[in-house]
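Asks: Spelled out from the first residue to the last, the chains are:
Protein chains: 2
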Amino acid sequence: MRLISGIEEMQKLAEKLRLEGKRIGVVPTMGYFHDGHLSLIKRAREKSDVVVVTVFVNPTQFGPTEDFERYPRDSERDRRLAEASKCDVLFTPETSEMFPEEYLTYVQVDRLSNILEGKFRPTHFRGVTTVVAKLFNIIRPHLAVFGQKDAQQALIIKQMVRDLNFDIDILVTPIIRETDGIAMSSRNVYLSAEERTEALILRKALDLAKSMIHGGEHDAGRIRRKMDQLITSTRHAHLDYVAIVDADTFDELPKLEQGRRILVALAVRVGKTRLIDNTILTP
Amino acid sequence: MRLISGIEEMQKLAEKLRLEGKRIGVVPTMGYFHDGHLSLIKRAREKSDVVVVTVFVNPTQFGPTEDFERYPRDSERDRRLAEASKCDVLFTPETSEMFPEEYLTYVQVDRLSNILEGKFRPTHFRGVTTVVAKLFNIIRPHLAVFGQKDAQQALIIKQMVRDLNFDIDILVTPIIRETDGIAMSSRNVYLSAEERTEALILRKALDLAKSMIHGGEHDAGRIRRKMDQLITSTRHAHLDYVAIVDADTFDELPKLEQGRRILVALAVRVGKTRLIDNTILTP
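Residue numbers (our numbering), protein chains in the order written: chain Y, 318 to 600; chain Z, 318 to 600.
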């Protein structure tokens, strides 16, 4: 596995690989790998000749009061896990080279960046789309893999790719969960033992939505209220939102229609830790 | 010369040319060619194996009250002139394919897009950087040529290319003028005979700045006031702005420093036609 941190070195290698006819797959991450990340790398491995994994804790996608400074990092462990996952290139650019002081350019996907997560994290998706556009120009991949855990991010990146004519296939892989059902997240390490137990409420709320929908409930408002009640009954949990939307457009769905794929997504703060989860259902 | 209007066809051709090791040069234009455009194509011809000229009157760079609808178009003449200039590919995408109804993504260069022209045309540069980013992803050029006539546009595109890590050389070619000194512009056709004469005031104001600076004047405010007076004395001319800035950063320069390249730029409305011009001077 090759380690690269310089942008020019990465760009030159990508150009060379392309000229050799190699198919490049990229997995953009913020590191601190768990099995979710490894499933992304595995998918890229299946679909590409050369797998590039990027680790970059991107300051532009954190708000001023968010956890950029304390976001967990372990570059040595990430390196070992990337190598074991048969990653070919581990790209770890420096913040000072990615976003130098005189940096001015942002990529913004309107509307989709302002709803749900965007309401609570107003500049988050602008930071995501900007860094992903940069990584696409540096690595020149044929495909990129993202996780369904960040469902809104995946949708926004697909929209950006289509709008800006990036010639890149976007693959989205399923959420990977711990044995007790909590979605894997680098932020789970923030949770105390008690909070870790309470965090199961996200999964339970999604299960509740599932059983209501399978039981024939078609009123999205009623499902949201039941999920809200369940979460509010949990001592340290605070609900940011529950969304029940069209899985492909994120359009609000007051009435669920048979056969239409819907996304049930929620964000919950457990103590000081903000967690997200979602599931796709078909009534 | 090959004519292409489909995005996918253009993208496939660019990919093929790159795999053949060809150096691609692009000249993005809004068509209605004059000698300024032809000088851009000539420069691209000198520096590239394959020259792609794009003609696209980009709706996103026009404000709601601006001249998008009546902007001059002559696709038959453009085709002839491009062919005569040894252009290899004339790319004329459709508006409905470039900006379909569900379009959402914009590229924005902060600060530089909000000064000078940006004050009078608030969404103009956002439209320019967005369409240029799209054209770069479609045509995958090694180099792109822009005109010094749109000095602020050239600076903003260089900033975008650096910030978003496009691996593309940006070349900027000098302003081409009519024999009487007026800068060539597709918008000159809007001018009546009387306005055409009055439009010479832009060139005269730049000459005045030049002679003041060569005469030892170092106070930018004094130069701006003299230029303002000259323009205001012209019957149908209305000054939008005069700027005297660092040519490489567009920083305001109250006092001109010896040896520092400065840009003197102005925008003037002559009747209903808005014209811009500029010159680079070294005190």
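A couple of the hints might just be wrong.
One copy or any two copies: either way a pair holds, since identical chains are not told apart in the list.
Claimed, not checked - No more than 30 angstroms apart at the CA atoms, straight line, and that leaves these computed lysine-lysine pairs for DSBU-like:
no., residue 1, residue 2
1, K364, K436
2, K436, K589
3, K329, K521
4, K589, K364
5, K364, K329
6, K364, K572
It should be emphasised that the hints constitute simulated quantities derived from the structure, not laboratory data.
Asks: All hints are to be evaluated individually against the structure, with a verdict given for each.
Replies: Hints, verified against the model:
In this assembly of identical chains, K364 and K436 lie within 30 angstroms of each other by CA distance neither inside one copy nor across copies; the values are 35 angstroms within and 48 angstroms between. For the identical chains of this complex, K436 and K589 are intra-copy neighbours only, at 18 angstroms inside a copy versus 42 angstroms across copies, given an alpha-carbon limit of 30 angstroms. In this assembly of identical chains, K329 and K521 lie within 30 angstroms of each other by CA distance neither inside one copy nor across copies; the values are 48 angstroms within and 48 angstroms between. Taking identical chains as interchangeable, the C-alpha atoms of K589 and K364 are never at most 30 angstroms apart, the minima being 38 angstroms within one chain and 57 angstroms between chains.
In this assembly of identical chains, the alpha carbons of K364 and K329 lie at most 30 angstroms apart whether taken from the same copy (22 angstroms) or from different copies (20 angstroms). Taking the shortest alpha-carbon separations for K364 and K572, neither the intra-copy value of 38 angstroms nor the inter-copy value of 59 angstroms comes in at or below 30 angstroms.
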